[in-house]
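Asks: Starting from the known structure of chain A, arrange chain B on it as the hints suggest.
Line by line, the protein sequences are chains A and B.
If you're matching positions, the first sequence starts at 1 in the numbering used here and goes up one per residue.
If you're matching positions, the second sequence starts at 1 in the numbering used here and goes up one per residue.
What you were told as hints is all true, and nothing was included just to trick you.
Label pairs and their calculated CB-CB ranges:
1. B:T50 to A:V43: 25 to 33 Å
2. B:E170 to A:Q155: 48 to 56 Å
3. A:A20 to B:V44: 24 to 32 Å
4. B:V44 to A:E13: 21 to 29 Å
5. B:Q144 to A:R166: 51 to 59 Å
6. B:P162 to A:Q17: 43 to 51 Å
7. A:A20 to B:D75: 22 to 30 Å
8. A:G9 to B:A10: 40 to 48 Å
A few chain B residues that don't get close to chain A, going by computed Cβ distances all over 10 Å:
9. L14
10. A18
11. S73
12. A149
13. A152
14. V169
15. S171
16. L172
17. F174
Hint data in this document are derived by calculation from the structure and do not stem from the laboratory.
Here the structure is a predicted model, which means the values were calculated and not measured.
Every residue gets a Cβ at the ideal spot worked out from N, C-alpha and C, and that includes glycine.
Residue-level listing of the chains:
2 protein chains.
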Amino acid sequence: MPACPLCEGAGGELLHQAQAWRLVLADEPEWPGLLRLIWTEHVVELSDLTEPQALELLQVLRRVERVLRDELSPDKVNVASLGNQVPHLHVHIVPRWRDDLTFPASIWTRPEPAAQAHGPLNAQTNTHANIQTNPPSNRQTNTQSRADAAAARRQSTVERLPALRRALVESLRFSH
Amino acid sequence: MPACPLCEGAGGELLHQAQAWRLVLADEPEWPGLLRLIWTEHVVELSDLTEPQALELLQVLRRVERVLRDELSPDKVNVASLGNQVPHLHVHIVPRWRDDLTFPASIWTRPEPAAQAHGPLNAQTNTHANIQTNPPSNRQTNTQSRADAAAARRQSTVERLPALRRALVESLRFSH
Numbered sequence: 001m002p003a004c005p006l007c008e009g010a011g012g013e014l015l016h017q018a019q020a021w022r023l024v025l026a027d028e029p030e031w032p033g034l035l036r037l038i039w040t041e042h043v044v045e046l047s048d049l050t051e052p053q054a055l056e057l058l059q060v061l062r063r064v065e066r067v068l069r070d071e072l073s074p075d076k077v078n079v080a081s082l083g084n085q086v087p088h089l090h091v092h093i094v095p096r097w098r099d100d101l102t103f104p105a106s107i108w109t110r111p112e113p114a115a116q117a118h119g120p121l122n123a124q125t126n127t128h129a130n131i132q133t134n135p136p137s138n139r140q141t142n143t144q145s146r147a148d149a150a151a152a153r154r155q156s157t158v159e160r161l162p163a164l165r166r167a168l169v170e171s172l173r174f175s176h
Numbered sequence: 001m002p003a004c005p006l007c008e009g010a011g012g013e014l015l016h017q018a019q020a021w022r023l024v025l026a027d028e029p030e031w032p033g034l035l036r037l038i039w040t041e042h043v044v045e046l047s048d049l050t051e052p053q054a055l056e057l058l059q060v061l062r063r064v065e066r067v068l069r070d071e072l073s074p075d076k077v078n079v080a081s082l083g084n085q086v087p088h089l090h091v092h093i094v095p096r097w098r099d100d101l102t103f104p105a106s107i108w109t110r111p112e113p114a115a116q117a118h119g120p121l122n123a124q125t126n127t128h129a130n131i132q133t134n135p136p137s138n139r140q141t142n143t144q145s146r147a148d149a150a151a152a153r154r155q156s157t158v159e160r161l162p163a164l165r166r167a168l169v170e171s172l173r174f175s176h
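So here's chain A without its partners, still in its complex pose (with noise of 0.2 Å):
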């Protein structure tokens, strides 16, 4: 079986520790803000919990993301437990704004690599797996004042991770 970077580092700097799980702020440059919620024990699926376990993980993410939307207000949230990459039981809670890199695309969704160093954002908003098959009505509009929104958003976002660590720390610190 191969090293799994979750048993092995915290994933990312470390706002809490339980007995049970952690919480992370992801080391992601693109998405500051980006919150992982790591459960201890090596288990992969939602379903390998066992119902307790769940419900406590539940309560800990519905406390995080009221925290999140507190401190960042932002237009949603994204909650998503995938570990294809690393199958071991973690939930990313990802604020999003209209403005943001991929929006309304999901954060996994690539723009052009241009599009990260200020060049047009070719939304590359997929139909997979979403409900609405249009494409973004903004696809043909001023992209480089797209991008140029998206850093200034990734920029406002890092000003006030000080005050969400704050609050993040100030609200899980009874929970063991």
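Replies: Just chain B now, kept in the frame of chain A:
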């Protein structure tokens, strides 16, 4: 406020309707077996639910995931509440296989159009929000056989959908 497609329509093939939620089999030919658990009330985020509501959602989710695993034996299950395009609370429950169209990337990571038509799969495993940043080791291997394998996987999954439907309907029949 624009019309909400999940208030106005089922959002897929209805498998079970409870008072607070419904389960549908999505109409996504590239992702057979993709299920959506849709909250009846138009709420946006998980943390908009009351605690008893969230608990009910969790219990159904775990039951559905368990049936999905029993019936389809996927290599991984992906669970995600995104809602950027349709901000009405719904959870995607997606069986994944190592030989599917985009594994280990997300289903929202678009493969090259050619891959969908049995051409090369230029595996777009992006590094955003991934823990591992290494490119997939198979990027340079036989892409045609990869596309063929994905097509075969879709076909074998489609053949198992009747059993999946029956098992889900049976499992949820007493859920009001």
